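Chains as they are written, first to last, in numbering that gives the first Met the number 0: chain A, 0 to 484; chain B, 0 to 741; chain C, 0 to 269; chain D, 0 to 304.
Source of the hints: derived by calculation from the structure; they are not laboratory data.
Hints may be right or wrong, so weigh each one.
Taking beta-carbon pairs under 7 Å as the criterion, some of the chain D residues facing chain C (in silico) [unchecked claim]:
| # | residue |
| --- | --- |
| 1 | Asn-181 |
| 2 | Gln-183 |
| 3 | Tyr-281 |
Straight-line distance between alpha carbons at most 20 Å, and here's what the computed EDC-like set of lysine to aspartate or glutamate pairs gives [stated by the list, open to error]:
| # | chain 1 | residue 1 | chain 2 | residue 2 |
| --- | --- | --- | --- | --- |
| 4 | B | Lys-730 | D | Glu-297 |
| 5 | B | Lys-724 | A | Glu-73 |
| 6 | B | Lys-548 | B | Asp-237 |
| 7 | D | Lys-278 | B | Glu-664 |
| 8 | B | Lys-491 | B | Glu-473 |
| 9 | D | Lys-59 | B | Glu-664 |
| 10 | B | Lys-730 | D | Glu-285 |
| 11 | B | Lys-739 | D | Glu-256 |
| 12 | D | Lys-278 | B | Asp-733 |
| 13 | B | Lys-92 | D | Glu-222 |
| 14 | D | Lys-59 | A | Glu-469 |
| 15 | B | Lys-671 | D | Glu-285 |
| 16 | C | Lys-207 | D | Asp-212 |
| 17 | B | Lys-724 | D | Asp-264 |
| 18 | B | Lys-724 | B | Glu-740 |
| 19 | B | Lys-516 | B | Glu-373 |
| 20 | B | Lys-730 | D | Asp-212 |
| 21 | D | Lys-252 | D | Asp-212 |
| 22 | C | Lys-207 | D | Asp-247 |
| 23 | B | Lys-734 | D | Glu-297 |
| 24 | B | Lys-707 | D | Glu-60 |
| 25 | B | Lys-92 | D | Glu-224 |
| 26 | B | Lys-119 | B | Glu-143 |
| 27 | D | Lys-59 | B | Glu-373 |
| 28 | B | Lys-724 | D | Asp-247 |
Note that this is a predicted model, so its numbers are computed, not measured.
All C-beta atoms, glycine included, are put in the ideal place defined by N, C-alpha and C.
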Amino acid sequence: MTLKIKDDKPFLRDTSKMLWDGEPAHAEVKDMSPHISFAQITSDVVNSLENPRPIYWWAIAVCVFMIAVGVACEVYQYRTGLGVSNKSNTNVWGVYIASFVFWVGVSHAGTLLSALLHLTHSDWRKSVFRYAEAMTTFALMTAGLFVLVHLGRMWQVYYVMPYPNERGVWSNFQSPLVWDMFVIGTYLTCSSIFLYTGMIPDLAVFRDNIHDGWRKKLYTFLAMGWQGTDRHWRNFRVAYLTLSVYLIILAVSGHSVVSSDFAMSQQPGFHITSFPPYFVVGALYSGNAALITVFIVLRFMFRYEQYLNMDVLRKLVRLTFALAMIWTYLHLIEMATVWYGHDTAARDQLYFKATGAYAGWWWLFNFLAIVCPWVMAFRRWQTNLPVQMVLSLLLNVGMWLERWMIVAPTLGHSHYPWTFDFDQWPSFVQWGILFASFGWFALLILIFCKVFPAVSMYELKELNYARKVEAHHALVGEPATKGAH
Amino acid sequence: MENNFNRRDFLKVLGWGGAAVTLSACGNTSVENGTEFVTSHSTEAMPEYAIPGVYVHFNSTCAQCDGGCSIFGRVREGRVLKLEGNPESPINKGKICGLGQAALQAHYNPDRITHPMLRKGDQGETITWDQAFALIKDKLTGVEGGEVAFLTGATSGHTGALLKNYVDALGSAKHYAYEAVTPTVVRAANKKSYGVEMPRLHIDKARVVVSFGADFLGAWVSPVNFTQQYAKFRKGSDGMRGVLVQVESKMTLTGANADRWLCIRPGTEGIYALGLINALGAKGFKVPATAATIARDYTAERVVQETGVSAEHTEKLVAILMQRTPSLVLVGTAAEGYAHGSENAAAITLLNHVLGNVGKTMVYPASVPFPQIEPKAGGRNTLHALSDDMKQGKVKVLFTYGSNPVFTSNPSVEFKENLQKVPFKVVLTHYRDETAMEADLVLPLDSVLEDWGSSVPEYMAETAQINIQQALSERLYPETRGFGDVLLALLKQRRPAEYDKYEDFYAYLRNAMVTNKVALGASSGTSDDIFWRDTVSRGIIKLPATTAKVSGKLAAIPSLAKLTLPNAFAVDEAYPFHLIPYTSAHVRDGRHANIPWLQESPDPITTIVWDSWIEIHPTTAIKLGVVEGDIVEVASRSGAIKVMVYVFKGIHPDAVSIPMGYGHEAMGRYAKNVGSNVFKILDSIFDRETGELALHETRVKVTKTGQKVRIVKDEGPYGGGQAGKRIALRKTTDKVNLSKEV
Amino acid sequence: MHRIFLNSIVLLVGLFAATASFADSSTAHDGVAPSAGNAAAAAAVEKKGFIADYDNIFIVKGGPEAKPTTEIKPLEWNWVDKLFYNPMGWINSFTDQLGPEVEQPIEFPHDRHAGDPGKVNPDGKTGDGINCMYCHTFARRSLTAGIPPLRKCIGCHQNIPSVRDTPRIVKLFEYWDAGKPIPWKKVHDLPDYVRFNHERHIQRFVFKQERPYKEVCGYCHGDVASMTVARRQRTLSMGFCVNCHKKNHSLDSTYTKAGHGPNDCFMCHK
Amino acid sequence: MSIANLLQNWSRYRDTHPYGGAKPHMGYKWAMAIDMDICTGCNACSVACYAENNLAVVGKEKFLNGKSMHWLRIERYWHDTPEPTDPLQLTAYTASGAGKHFPDQGAHFLPIMCQHCEAAPCETVCPVGATNHTQDGINSQIYNRCVGSRYCLVNCPYKVRYFNWYNYQDPATENVWPEPLNQQLNPDVTVRSKGVMEKCTFCVQRLRAVMVDARTEERLVREGEVQTACQQACMAGAISFGNMLNPDSRVGKQWIEQGVNIALDVQSKNEHVGDNTPKRGYRILENLRPYPSVMYLEQVRESSV
């Protein structure tokens with residue numbers, strides 16, 4: 000199959016020509032040039048469907064391998080029983096629930112970028128929000144898998160759904176897990192709709208620029224007859240705005256509900272009132288860190304240097320830093336409320352986390368999640384790709400550890416001293432499935448970026464137009480008008 | 000109780016094909032698809048008591064230990080599913096211990112031997128019972144009676160009588176009754192002091208119990224009875240809660256329940272007892288002159304110095320002993336297990352005389368008027384005698400039953416080696432245990448739940464009693480036989496005229512009981528059938544209690560004047576620690592090691608499961624540089640074993656303790672290679688008077704091996720702490736009266 | 000695989016039905032009105048501390064004055080109910096409502112034994128009208144109804160020389176002579192986590208309410224008297240049980256004079 | 000039942016509190032009292048529970064990894080501070096002289112099983128309603144409804160729920176009941192498969208059997224008519240169990256006598272100064288307000304020795 004753009008010219012193969020002023024491919028693009036043409040944007044994005052760097056295929060292979068490892072672990076666990084994950088009757092949850100929370104957290108960054116910043120008219124989001132939105136959907140799908148993996152009898156998971164039945168038996172609406180089921184389900188549905196809705200104009204561009212093959216059929220179907228008429232655009236904007244408002248509510252309530260899995264229980268260390276905001280901000284924080292990682296990967300893999308440029312990165316990093324600081328504040332607040340509170344069990348718990356069997360991990364997470372983000376405060380490192388790559392990974396490790404530190408030491412050190420259990424190190428099955436979840440997530444992202452527009456063409460064009468106007472005004476000495484988009 | 004007149008016949012036809020075993024599943028299974036069988040339970044008419052889906056209760060007797068508790072089995076569709084205590088029995092009054100419950104898993108044990116086995120080289124060959132009996136007959140021909148030996152555990156009842164008859168029939172064959180752990184020395188001391196071997200104890204009537212290492216709540220003599228008495232004693236039927244003081248070097252279950260656990264230097268129990276007598280006299284208590292003379296030298300200072308028990312606690316104990324009477328002083332395994340065990344025990348029994356407890360809380364025991372079925376118990380000295388005989392080639396044919404001497408013997412006996420010198424060894428057993436592995440012929444026995452029998456417990460509460468052991472189910476394996484059946488078959492070879500009339504042991508037992516029905520309390524007009532039905536359905540025959548009294552006279556005690564106690568042990572530099580082999584209430588001497596419930600049931604004190612351990616005091620542990628979970632080598636002059644460390648404060652710093660019964664090399668999947676066998680390092684030091692092996696006399700050294708394991712126990716990393724939570728609460732008060740409580 | 004497929008269908012149908020049954024308020028026949036009696040009982044308990052006495056227990060609505068329902072109707076649902084109210088049962092109705100046909104060692108003619116004496120069976124003979132519990136004798140005193148021992152069959156049949164040579168009776172006597180029980184196969188087999196108590200149902204409906212045994216047994220077992228080898232006639236699914244048991248929620252599992260079955264999971268699942 | 004009905008009668012589907020809720024106990028409230036002064040910690044009750052309730056013997060390795068299945072476990076507490084296991088701490092501990100004291104007032108033995116809380120934390124969090132409160136005051140566990148989310152165990156303050164980490168009944172893998180050991184299994188109790196939670200049921204199979212008989216005879220179950228397996232085995236008679244609402248019941252009298260009110264979380268216990276039978280009833284972790292149905296009687300130790 001060959002892809003052809005509409006005027007029958009072959010895709011531009013020469014990467015150097017993709018850049019607006021002939022810079023080498025790896026050069027840092029400070030900001031998107033106002034001189035780039037709309038056609039250039041279109042061709043750059045359409046081009047990404049066809050010829051990513053070879054490392055893309057290697058990445059796909061690695062992801063498939065990771066998934067294979069996880070599937071093998073899961074098959075083993077399914078057949079033998081959950082015992083192979085090496086949990087105990089005290090440490091009943093472990094890595095799966097921690098990872099579930101982690102992935103739900105990752106999903107929040109997309110909503111932040113695409114919906115919240117959309118409402119605040121932040122221009123710089125325009126190149127990154129599409130893949131961020133995709134991350135939301137895929138991270139939720141990954142989180143959902145962890146729920147399944149976690150259940151003792153996953154084949155009976157439909158019992159959680161309140162479906163009418165002859166037995167007159169319902170799911171228990173008091174249980175936070177049922178709320179989880181509702182909220183994650185709704186969030187996943189809405190974020191997929193949001194993602195899809197936002198893509199319609201771009202899918203129409205693809206439809207119009209690709210001539211044959213399954214892609215043509217796919218884009219034709221998905222574009223839903225988009226013609227770009229005034230009326231289409233008007234309705235589109237209303238729908239998009241409404242969905243974004245709705246999604247923000249869902250995102251906030253989503254992670255609040257996930258936090259109530261913990262906060263609603265009696266466990267000392269879980270039973271903390273400030274958990275919902277703490278979880279939501281933590282989610283945005285870890286999600287943004289993940290965003291930076293994916294940013295750097297996509298930028299290289301799909302040659303998006305022009306659009307995923309340094310200016311965007313700097314803003315992303317600054318946003319992450321700001322979130323890190325809010326999260327740090329909430330983290331300290333959470334500890335302070337425990338420390339000064341009356342619940343001695345929770346205080347013992349905190350003390351145990353800092354000094355007990357998991358102390359090393361706890362301090363490591365504190366270091367990674369509180370101290371490391373300070374690197375982002377320095378301008379010189381904000382656009383340093385290797386530094387940011389490593390840093391964003393470290394932050395994610397830190398935030399995963401944070402979730403794990405909420406689950407594992409807390410369960411091991413409950414109200415009942417006789418059943419304390421500090422020895423349950425997760426087995427290879429748990430690690431394998433966690434490992435696979437990253438592969439699964441990355442695979443979904445990679446496939447998405449190869450099939451769908453990973454950066455939003457129409458919004459970039461809007462931005463481009465605004466910049467052009469801005470440049471023009473700068474040239475003629477008039478002030479730029481606001482709200483050109 | 001149900002009619003079980005025709006039960007044996009019924010059980011015979013019941014069979015296993017009929018009992019559909021419900022192995023329920025709630026996994027992926029849904030409504031079944033018609034593959035499950037449902038069969039009528041027998042081709043015979045269904046007796047009223049065998050309704051499918053309905054439990055029926057049948058009385059029997061527990062044979063897990065020699066306590067003689069009466070039990071009933073809940074039987075459903077031919078399977079025994081649960082054992083409960085028989086409320087009619089004065090011994091256990093409807094209760095049953097964990098060991099007794101576990102008889103079920105001995106019955107359904109997957110490692111039971113199912114066929115008679117004959118040694119062929121290293122292999123066992125399955126043979127029939129006829130072949131086996133023919134072989135025994137063959138081997139016994141040309142052998143003099145004196146060259147045949149029987150080694151059994153404690154026996155009583157009609158199997159005991161049959162055994163005696165068979166031994167007689169063989170000529171001068173010897174019967175060695177051997178129990179690995181049994182209070183032989185205490186029996187002897189009691190006999191001397193009170194005139195009876197095992198007086199009946201009234202723990203419930205005592206206000207203070209001072210127990211010198213008698214683990215009467217755990218594994219001593221009749222724990223079910225004593226625990227029930229203990230509950231009454233604690234409630235204090237006469238308005239004052241009983242006070243329990245335990246004097247021992249290693250905390251037993253009883254010690255863990257004591258109001259005061261006095262940790263005493265190993266071997267100085269007698270000194271402490273005499274010190275108490277002296278202190279009582281000093282406080283103005285009227286101590287008989289004989290006793291005062293003996294105890295004269297045991298001043299408070301000397302007692303503190305030698306025993307390590309603080310003077311404060313001794314004073315308090317003396318005060319409470321004077322104040323609250325009657326009291327009761329018990330001598331247990333810990334006090335008797337030394338070379339001077341008899342002296343220790345004598346000194347402690349003396350304390351009972353001084354306190355005036357004899358006749359009050361310690362009374363004459365009941366006994367059955369049939370000497371031939373009385374319990375016959377023996378200690379370890381019999382094993383030595385047998386082993387010597389075997390070494391000298393005096394034993395040509397050896398039968399063993401109810402004991403596992405290869406496992407439980409101490410190394411210097413060289414039992415296993417000497418066993419090789421016996422040309423023909425017949426082992427009657429349930430499992431392929433260590434002794435069975437050495438046998439030439441292994442005869443599989445019925446489990447206690449499928450066998451008939453009778454027994455007379457050594458310790459009887461209230462009245463004399465004969466317990467009837469009823470088969471609760473049909474044989475699991477058709478090729479097993481009861482011990483009585485085997486003996487009867489052997490007797491038929493010797494005295495056919497006398498025994499051929501009995502089809503099996505059941506017939507013999509029935510006949511023996513029915514013949515003596517008048518002596519057993521039935522009126523002569525009762526028909527045999529009714530008497531037998533009645534007896535079996537009750538499971539117990541109560542005979543009137545004896546009215547004799549224990550001798551309460553100090554002067555009557557022979558050799559009292561000669562009572563001298565050695566000083567506390569000198570420090571042995573090479574082997575610095577006293578080894579205290581501890582009788583686990585679960586596996587006892589190892590005979591119950593193959594029962595998974597008991598292996599998984601945590602040791603009450605340490606909460607360790609599935610393993611053996613060594614208890615070491617924290618200060619000692621620091622000296623040795625070991626922490627919990629370290630594997631140490633425990634070496635005595637006789638051998639060495641490796642075992643894991645449990646650091647525990649309930650043990651004297653000079654002592655270490657290892658539970659008995661673990662470390663099987665054979666026996667079955669649950670017992671094999673679990674823990675280490677402490678019998679293998681016991682030194683051969685004997686009690687000077689009785690010749691019984693002094694179990695606690697072994698000295699060991701403990702060296703670190705550098706290996707480490709995670710110790711398998713129920714308690715968490717917090718140990719016995721409560722982390723400031725109100726979980727297990729305690730009131731410490733004086734003169735509590737709980738008797739008014741509901 | 001079959002189960003996964005089935006479950007996913009149920010999921011889909013369930014999702015659909017969940018939204019649909021909002022409108023389906025007509026099925027709220029089991030609605031529970033707030034009861035003053037309950038509150039009174041609660042107050043009584045409160046007042047007396049934590050031990051209630053028996054007198055106060057009986058003032059709860061649905062107490063002794065409430066009449067037991069005497070009406071037993073077989074389960075009949077229209078397709079709307081099946082689809083919206085009972086999708087699982089609806090799916091079941093396509094699959095294994097009757098269960099598989101079970102081949103028994105002897106093709107026992109229930110119709111010949113228990114059938115109506117006035118009615119001619121397909122084999123041209125009339126029934127004998129024997130009571131179910133003549134053979135299934137344990138039904139009234141045990142969880143299980145029980146299969147009669149072989150002795151019971153022989154007991155009659157040794158005195159009926161007329162059929163002595165028919166193949167089934169010959170087979171029966173073969174078992175008898177061999178001393179082996181007949182390996183019947185279970186027809187009305189519940190999953191192992193369900194415990195149905197025959198005794199309680201028979202005691203209540205046959206002996207207390209004095210209903211005809213054929214009606215009582217037949218409610219779950221169908222008209223066995225017209226069958227040869229018994230075949231399952233009802234789904235015997237949980238919905239089938241709950242159809243009776245759920246009728247009055249205000250009655251508990253433990254009420255001594257209850258007119259309705261308990262509605263307590265722990266009654267059957269334990 | 001439609002969803003509309005469900006929403007209308009929302010509160011009736013859950014019992015939140017026994018005396019605030021819509022459904023008071025009618026005739027039965029099963030409760031237990033355990034006297035820790037006469038409990039000797041002998042483990043007979045635990046073994047009886049294994050026998051009665053088809054508990055899996057998990058073996059050494061799984062016990063080590065905290066997968067034991069003892070519904071009734073006996074906890075042994077020392078009254079003094081715990082022994083540090085870390086060698087460094089142990090040195091300091093011994094240097095302080097603490098190690099020289101023997102635990103000379105003995106141990107505490109605490110048999111603990113599911114407390115059948117009236118406001119059970121486990122019940123509210125189960126997503127599928129597999130654990131419920133029955134009308135007679137038992138915390139039920141419905142194995143075939145359980146999906147194995149283990150949330151109940153997380154929320155159980157006593158950690159007395161046990162999860163089937165493996166398929167213990169599968170002869171191919173985890174051979175817990177090899178032939179013929181499986182013939183001992185109690186047919187009245189479901190053998191749990193992998194992935195479900197289980198816990199003490201107050202021997203519900205025994206309770207239901209007598210309750211069915213009582214219903215047939217149109218009466219309530221009498222005191223002494225039913226015993227739990229642990230109670231029946233307990234040699235010291237430390238465990239009493241019965242219908243608390245029955246005025247004849249020993250357990251009900253004990254609760255009254257000890258001044259423990261099942262509906263309160265803070266008991267106003269009068270210590271009876273001068274009376275030498277102090278009230279010693281209490282419930283574990285009462286302050287968390289689960290309103291447990293098991294009352295413990297404090298251990299007593301004589302102070303004069």
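Outcome of the hint check:
no. : hint                  : result
1   : Asn-181               : violated, 13 Å
2   : Gln-183               : violated, 16 Å
3   : Tyr-281               : violated, 15 Å
4   : B:Lys-730 x D:Glu-297 : holds, 7 Å
5   : B:Lys-724 x A:Glu-73  : violated, 39 Å
6   : B:Lys-548 x B:Asp-237 : violated, 24 Å
7   : D:Lys-278 x B:Glu-664 : violated, 52 Å
8   : B:Lys-491 x B:Glu-473 : violated, 24 Å
9   : D:Lys-59 x B:Glu-664  : holds, 17 Å
10  : B:Lys-730 x D:Glu-285 : holds, 18 Å
11  : B:Lys-739 x D:Glu-256 : holds, 10 Å
12  : D:Lys-278 x B:Asp-733 : holds, 15 Å
13  : B:Lys-92 x D:Glu-222  : holds, 19 Å
14  : D:Lys-59 x A:Glu-469  : violated, 75 Å
15  : B:Lys-671 x D:Glu-285 : violated, 44 Å
16  : C:Lys-207 x D:Asp-212 : holds, 13 Å
17  : B:Lys-724 x D:Asp-264 : holds, 15 Å
18  : B:Lys-724 x B:Glu-740 : violated, 27 Å
19  : B:Lys-516 x B:Glu-373 : holds, 17 Å
20  : B:Lys-730 x D:Asp-212 : violated, 42 Å
21  : D:Lys-252 x D:Asp-212 : violated, 25 Å
22  : C:Lys-207 x D:Asp-247 : violated, 29 Å
23  : B:Lys-734 x D:Glu-297 : holds, 16 Å
24  : B:Lys-707 x D:Glu-60  : holds, 15 Å
25  : B:Lys-92 x D:Glu-224  : holds, 17 Å
26  : B:Lys-119 x B:Glu-143 : violated, 26 Å
27  : D:Lys-59 x B:Glu-373  : violated, 41 Å
28  : B:Lys-724 x D:Asp-247 : violated, 34 Å
This entry does not satisfy hints 1, 2, 3, 5, 6, 7, 8, 14, 15, 18, 20, 21, 22, 26, 27 and 28, going by the numbered hints stated previously.
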